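Number of protein chains: 2
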Amino acid sequence: MKYPIKKKMIVKKRNYSKLGMSLEKDINQTNNFYLINDIAVIHKKPTPIQLVSVKYPSRTKAKITEAYFKSPSTTDYNGLYKGFYIDFDCKESSNKTSFPLSNIHTHQREHLKKIHYNKGISFLIIHFKFHKTYFLLPYKSLEKFLDGTEKRKSIPYEKFKKIAYEIQYGLMPRLDYLKIIDQHLLF
Amino acid sequence: MKYPIKKKMIVKKRNYSKLGMSLEKDINQTNNFYLINDIAVIHKKPTPIQLVSVKYPSRTKAKITEAYFKSPSTTDYNGLYKGFYIDFDCKESSNKTSFPLSNIHTHQREHLKKIHYNKGISFLIIHFKFHKTYFLLPYKSLEKFLDGTEKRKSIPYEKFKKIAYEIQYGLMPRLDYLKIIDQHLLF
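As given, the protein sequences belong to chains A and B, one line each in that order. Residue numbering for the first sequence follows the numbering used here, starting at 946 and increasing by one per position. Residue numbering for the second sequence follows the numbering used here, starting at 946 and increasing by one per position.
Simulated from the structure, these hints should not be mistaken for laboratory data. Each hint should be verified, as a subset may be incorrect.
Identical copies carry no separate label here, and so any pair may be met within one copy or between two of them.
[What the hints assert, rightly or not] Computed list of lysine-lysine pairs in BS3-like fashion (alpha-carbon distance at most 30 Å, straight line):
1. Lys-1008 <-> Lys-1036
2. Lys-1077 <-> Lys-1089
3. Lys-1074 <-> Lys-1106
4. Lys-970 <-> Lys-1074
5. Lys-1089 <-> Lys-1124
Just so it is clear, the structure is predicted and the values come from calculations on it, not from any experiment.
Start from the sequences, fold in the hints, and give me the full structure.
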């Protein structure tokens, strides 16, 4: 790891039974590790909600009684690492042989592209459940599939070993994706 | 303005009657202007919600029937400008003579500080309703009040002219805070 080594790494108590429960939880745990050890400030954005009805049963607390989930206009995660703007989304796939591009919504494609061309670091983290593998796919690798340079509707699993970076599953942090950023994506 | 001048600036139709309606709307309009003109990618984060009950009246749409607002763990706005990570919160004050520090919650203070020391650009945008003025207050100026160097529970209005930067109210964009960043805060 290229992080400055801290004298005392803060390690929270863990419940091993929950390891590998879901990609989102693993990423949240990783981000929390980065945050409390002052390595990076990366947060998951809240899910956007369309409010329809809000009641005020008491003076202090508003109660939402009707609302719907909206689709996010950006990615789920963004933040700051060593002065760089980091932006990514997480995807889980049960597919054995490839990652279908239909998993990436139009607004997410546009957002990842905008970030890349405004000098941010944008990527996807993809979990192949069948293979139990995790990859960081930089936007630049993804772009060839999105813009039609590669005429495919999915990225073959075998390709990931060439155009993406595998993230090893660990304990603390569980998915140390900043290690990949350090090694391959810092300008 | 130091932005690269675009041949064609995209200007959306406006409803003049709503001008100055609220700081949040003005900032959202400004961010939208930055986004569609490819100047910066800065979004408001969704308000975090604590879900209690969700029903599925149809297969396609989940209906939230009980939920509550949670207090945000960070600031409301963040994004990317010329490769820099931008992070801020907006505050409106009806106070004539000063800005009370109690307006800034503990988690926001910590977040703004973390961003500043991780090489991001963090600040507050404050609207003094009585004076009809808007200021960008950089974290570094705010810090002296938060850490006790300045022994006050509020920042006097007169001080803002020295330690903050006034944002002129305009039409398109309404509050061009990136101009201040350009002139005073880029490293």
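Here is how each hint holds up against the structure:
In this assembly of identical chains, the alpha carbons of Lys-1008 and Lys-1036 lie at most 30 Å apart only when taken from different copies (24 Å versus 32 Å within one copy). For the homomeric pair Lys-1077 and Lys-1089, the shortest alpha-carbon distance inside one copy (25 Å) is at most 30 Å, but the shortest distance between copies (49 Å) is not. Proximity of Lys-1074 and Lys-1106 under a CA criterion of 30 Å is satisfied intra-copy only: 16 Å inside one chain copy versus 57 Å between copies. In this homomeric assembly, Lys-970 and Lys-1074 come within 30 Å of each other (Cα to Cα) only inside a single copy, at 15 Å, whereas the closest approach across copies is 42 Å.
Proximity of Lys-1089 and Lys-1124 under a CA criterion of 30 Å is satisfied intra-copy only: 24 Å inside one chain copy versus 35 Å between copies.
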